[in-house]
Amino acid sequence: MKRFLLKGVIKDKGRSLLPIIVVATGTMLTVVMYSWLTGIMGDSIRMNANFNTGELKVMTKAYAADAEQFPNDLAILNADTLLVELKEFEPEVDWVKRIRFGALADFPDANGETRGQAPAVGWAIDLFNEESKESARFNLQESIVQGVMPVNTGEVLISDELARRFEVKPGESFTLFGSTMDGGFAFYNLTVSGTLLFGATGLDRGAIVMDISDAQKAFGMEGACSEILGFLPYTYFNSDKAEAIKTIYNQSVDARQSEDEFAPVMITLRDQAGMAEMVEYTDFVSRIMVFIFVSAMAIVLWNGGLLGGLRRYGEFGIRLAMGESKGHIYRTLLFEALLIGTIGSIVGTVIGFLIVLYLNIHGVDMSGMMQNSTMVMPTVVRTAITPTTYYIGFIPGIFSMILGNALAGVGIYKRETARLFNELEV
5 MKRFLLKGVI
15 KDKGRSLLPI
25 IVVATGTMLT
35 VVMYSWLTGI
45 MGDSIRMNAN
55 FNTGELKVMT
65 KAYAADAEQF
75 PNDLAILNAD
85 TLLVELKEFE
95 PEVDWVKRIR
105 FGALADFPDA
115 NGETRGQAPA
125 VGWAIDLFNE
135 ESKESARFNL
145 QESIVQGVMP
155 VNTGEVLISD
165 ELARRFEVKP
175 GESFTLFGST
185 MDGGFAFYNL
195 TVSGTLLFGA
205 TGLDRGAIVM
215 DISDAQKAFG
225 MEGACSEILG
235 FLPYTYFNSD
245 KAEAIKTIYN
255 QSVDARQSED
265 EFAPVMITLR
275 DQAGMAEMVE
285 YTDFVSRIMV
295 FIFVSAMAIV
305 LWNGGLLGGL
315 RRYGEFGIRL
325 AMGESKGHIY
335 RTLLFEALLI
345 GTIGSIVGTV
355 IGFLIVLYLN
365 IHGVDMSGMM
375 QNSTMVMPTV
385 VRTAITPTTY
395 YIGFIPGIFS
405 MILGNALAGV
415 GIYKRETARL
425 FNELEV
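Numbering of the sequence shown is given in the working numbering, commencing with residue 5 and proceeding in unit increments.
The reader is advised that the hints may include incorrect statements.
Unchecked claim - Listed next, the in silico PhoX-like pairs over lysine-lysine satisfying Cα-Cα at most 25 Å (straight line):
#1 Lys221 - Lys137
#2 Lys91 - Lys245
#3 Lys250 - Lys65
#4 Lys245 - Lys65
#5 Lys91 - Lys250
#6 Lys250 - Lys137
#7 Lys137 - Lys91
#8 Lys137 - Lys245
#9 Lys91 - Lys65
For the record, the hints were derived by calculation from the structure and aren't laboratory data.
Just need the whole structure built from these sequences, with the hints factored in.
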């Protein structure tokens, strides 16, 4: 009987084609919308992790207390040794050294006199190691407006806004004024190799990116670093895994150096200023919007199933008149709805996945809408492909179709056999 119903659904296009198209369209939109929202929210958190927080961060206890002020006098001293220990402790995590600093950039004129000065916020990362993923995390190659990537020591990248303000061109030099790790004055000459445009006002106002070896020389931090960041081998932040790693590491350190203020301490992305709220907010907004959209599509498909059942009112009457039981008609109606919902959901999910895959690879350039944004957000938005992508469309596609037909089919039990001939005008 089930095979007979399947053949009927496939061959009777007049009865099944339109419902399948409706289900497929709703399923496709559900898949694309879910992946789009998940991608936007996930990319925002990932970009913050790449620039500032990492998914895991190791600092000294003293540095952690005032981390927002970049207190490099409280930095990690034997950074290379600690980096090796971390890689042995959790080899799946990509551990990287970084130096964060605030300084004053002094740009000279043709005579060597000060042309202008501006405050700058800097990132010192591993630029020259071919195995390093730091350049990709900062999206440096794609963000360069003028010039090229640094290839020699003493070469840095500065924000394009800063360069335009003081008419600085690639190849020109400037002096960075700051303080050393020991509290002394630091003066270091650097060469601009290129200018950057990240697309976020907070970053583009006065950013400097240099190799960590230059920062160590400039600020007297040989062998030291401000913090060591860890990145999990997942596309998006895995809070449970990060918390587990943090707990185990901090327990092992406390057992050995519980009273030492320069002992390393590990925190996760959620532990840092505002990030827990941001993670919870993005999860909440994503779930609410997906729920609203899935519910809306469910109502549309529900109505589609309801109308489809009502259109077959006459058919049901004839089948009752021929002696078919009401229960059997109702069960076949629900099974046909299941078949149509399944076929439409599969077609819609496949089409939706292809659209999601294309947007995931190529992305959508939103830079024109984010020119005055103060948030750290990606300018190219991509969809996210998660396990939920493969089944989210089946929820409205199958459930709503069955529910609509189930409600429409209730009328079968209200039909009176004695009145069928009058209803059918026989």
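Against the structure, the hints:
Taking the CA atoms of Lys221 and Lys137, the gap is near 22 Å; set against the 25 Å cutoff, the hint holds. At most 25 Å may separate the alpha-carbon atoms for a hinted pair to count; Lys91 and Lys245 meet this at roughly 16 Å. The hinted pair formed by Lys250 and Lys65 meets the criterion: a straight-line CA distance of about 14 Å does not exceed 25 Å. Between Lys245 and Lys65, the direct Cα distance comes to roughly 22 Å. Compliance with the 25 Å bound is thereby established for this hinted pair.
The suggested pairing of Lys91 with Lys250 holds, with an alpha-carbon distance near 14 Å, which does not exceed 25 Å. A hinted pair counts as satisfied when its Cα atoms are at most 25 Å apart, and Lys250 with Lys137 qualifies at roughly 22 Å. For the suggested pair Lys137 and Lys91, the alpha carbons sit about 15 Å apart, so the restraint of at most 25 Å is met. Under the criterion of a C-alpha separation no larger than 25 Å, the hint pairing Lys137 with Lys245 is consistent with the structure, at around 21 Å.
Between Lys91 and Lys65 the alpha-carbon distance is near 20 Å, which keeps this suggested pair within the 25 Å criterion.
The structure is consistent with each of the numbered hints, conforming to all of them.
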